[in-house]
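First to last, the sequence lines map onto chains B and Z. In terms of our numbering, the first sequence is residues 830 to 1221. In terms of our numbering, the second sequence is residues 830 to 1221.
Just so you know, these hints were derived from the structure itself, not from any lab. Do not take every clue at face value.
[What the hints assert, rightly or not] Straight-line alpha carbon distances no greater than 20 Å define the calculated SDA-like cross-link-like pairs of lysine to any residue that follow:
1) Z/K1169 / B/L867
2) Z/K1151 / B/A1127
3) B/K1169 / Z/Y1068
4) B/K1054 / Z/Q928
5) Z/K1054 / B/V931
6) B/K1111 / B/A1209
7) B/K1052 / Z/E932
2 protein chains.
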Amino acid sequence: MSLPGQLTPSPRLLLGPGPSDAHPRVLSAMTTPLLGHLDPQFLQIMTETQEMLRLTYRTANRLTIPVSATGMAGMETCLVNLVEPGDRAVVCTKGFFGQRMVEVAGRAGAEVTVLERPWGQVFDLDQIRDTLKQVRPKVLGIVQAETSTGAWQPIEQLGKLCHEFDTLLIVDAVTSLGCVPVEVDRWELDAVYSCTQKGLGCPPGLSPVTFSDRAVAALKARKTKVQSWYLDLSLIESYWGGDRAYHHTAPITMTYALREGLRIVLEEGLEARWDRHVRNHKALKAGLQALGLSYIAAEGHQLPQLNAVRLPDGVDDAAGRKQLLADFGIEVGGGLGDFKGKAWRIGLMGYNSRPNCVVQVLASLEQVLRTQGSKVEPGAGVAAAEKVYTAG
Amino acid sequence: MSLPGQLTPSPRLLLGPGPSDAHPRVLSAMTTPLLGHLDPQFLQIMTETQEMLRLTYRTANRLTIPVSATGMAGMETCLVNLVEPGDRAVVCTKGFFGQRMVEVAGRAGAEVTVLERPWGQVFDLDQIRDTLKQVRPKVLGIVQAETSTGAWQPIEQLGKLCHEFDTLLIVDAVTSLGCVPVEVDRWELDAVYSCTQKGLGCPPGLSPVTFSDRAVAALKARKTKVQSWYLDLSLIESYWGGDRAYHHTAPITMTYALREGLRIVLEEGLEARWDRHVRNHKALKAGLQALGLSYIAAEGHQLPQLNAVRLPDGVDDAAGRKQLLADFGIEVGGGLGDFKGKAWRIGLMGYNSRPNCVVQVLASLEQVLRTQGSKVEPGAGVAAAEKVYTAG
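All chains should be built: construct the whole structure from the sequences, respecting the hints.
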């Protein structure tokens, strides 16, 4: 085999469900030479990163750390640490990632009760209350931002409700953190996980996790060892907490990246960042609608950072996305599950929630749709978006 | 809280047990903008990375992939995929990382038989044969390069021996891959895991794992699901294998890093790289001995990439390493377990196995030892090393 050459990928604009483009400052930070994982200067960087993660999660939770693996490992971390074999779990599914939580909870030994809503819809509190009353589970898991459908699940009151039944609330914030509010303390969320490659503007590789005091108490009260040694928070906590006891070698460079990503998030300010996501979403939405694309999620439950829209009749999913990538270097996501071949998912996440991303994707989509025979007036999408920006 | 400033760590030379410094070309590659994890160009990068990993592991194993987490997750991957609850496992321990394998195997549900040697020593085949005969385990786990003691376990004949008893051989190559020979196919190793931050000259973050056909057959014959969803190789394989089925978002940037690290390894050539590690080790060893430092591991079983030496009487471990870091920016490792406070571990791994690292650490050690009252002749360590280099 002759060795492959230097890395020279084509330029891309990542407007799919993630990864989203990393902020250039984050990529620069990753060239910083390594420190040892027990170097006093690295321990300081860990402390700073944790403190900024707490601010971003709006929590005072001591146990707030980036798990050394990608977002799905964050899901597994929450479940294997809080569930012991035979524990009852309720998982709310309304798309792909809820279903995945069912699978992971099952492998952790939970007796899982699945609460279902059709893909693209969200749950209301009453439905969940009935199930909590009936099942009295140890944990309830729900996805705040369902990446497969673009549906935005309200969770403001859910923690309080769960605590009435002595249930711990696990929230998937993979596609929400850094894009829309995730108020861990105010909403009484017990275990939350996210990722680095979406709202935080970093490459994929870490999963920020936070555990409430209630969750930590449940962890301490376990009768069995956590099945995963690598994801055992009681061990990881002694490294990230005060003791600095060696557990595994922290991913130094990804920690540099996360630190820089969080600095950027907090320099902008969370409210300003959430507003920015809404503003660009509104412009994109006006443009998409002008192109004849309608949202899967109902009005009022559409995620600003993930715009999942139905394809017009006659438009071929794969051919369209292929053209978008080949001619314009733009990646959007295809549909999953119930929406396979029938939807596109357009992300405006973190660094990529910008007006120039909005107009680029709209202009490119127009051409792709026209290639496929859609009767779209030239400039219609961009014009509609610009109108929104101009109106402020 | 005022936000922390830009990342400006002090310059370091990482000559401990790992992480070792990443090659500058690897750090540069990490600034490459992201591709999506299903982008055809990224799929090509995955294929290239796998192919280079196979060459580095000296294997044709189809199931050869970087697990999306650090080296310890590689250990867990091998164990949870090959062990089902109640399976018998033999783990050979002669230091810290063998003991860790016992813990991880136990959590995977194995009935573990521990075969022990004193810290710093190695096993001979006869001792292992007796245990295999008696226990007839499904798997036997052993550490090739015990990072806690610097002892080099011969494993050339071990695969053949294990197979006589229908046992799968799991090898920890965390501190060996890219430094000393790891001949997966020729030595009949069944499941091997390593890391990126030592012999491969990358930051920590991935764990290269390879499974033989025998191991894959055992994986396919499982009656129970792998307890970890994140580390389930039957699922991960459909992403890295032909199907490209989405499992989790691959750590794009770390994959770029690994690809570049492997290119550098293979440009140099494995034999040349192994020779380089031996050459620099010999020079360092001559220097250390001139400074009155003796190896923990016996002659013939000393790892070239990890030189674990006893501290002379009267030398304070913590104070010495602190001075080395503060005055010279050099990190070496302290002792672990039986050798806590009594040993230093000096790594010359991958990119850092270089003559300039050898002379720097020797010159700095001299001064540290003198500060602590040792009667070391000025220049004695460096002179001894240079003599070795000059002799060729």
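Going down the list of hints, with the structure as the test:
no.: 1; hint: Z/K1169 / B/L867; in the structure: holds, 15 Å
no.: 2; hint: Z/K1151 / B/A1127; in the structure: violated, 60 Å
no.: 3; hint: B/K1169 / Z/Y1068; in the structure: holds, 18 Å
no.: 4; hint: B/K1054 / Z/Q928; in the structure: holds, 17 Å
no.: 5; hint: Z/K1054 / B/V931; in the structure: holds, 14 Å
no.: 6; hint: B/K1111 / B/A1209; in the structure: holds, 15 Å
no.: 7; hint: B/K1052 / Z/E932; in the structure: holds, 17 Å
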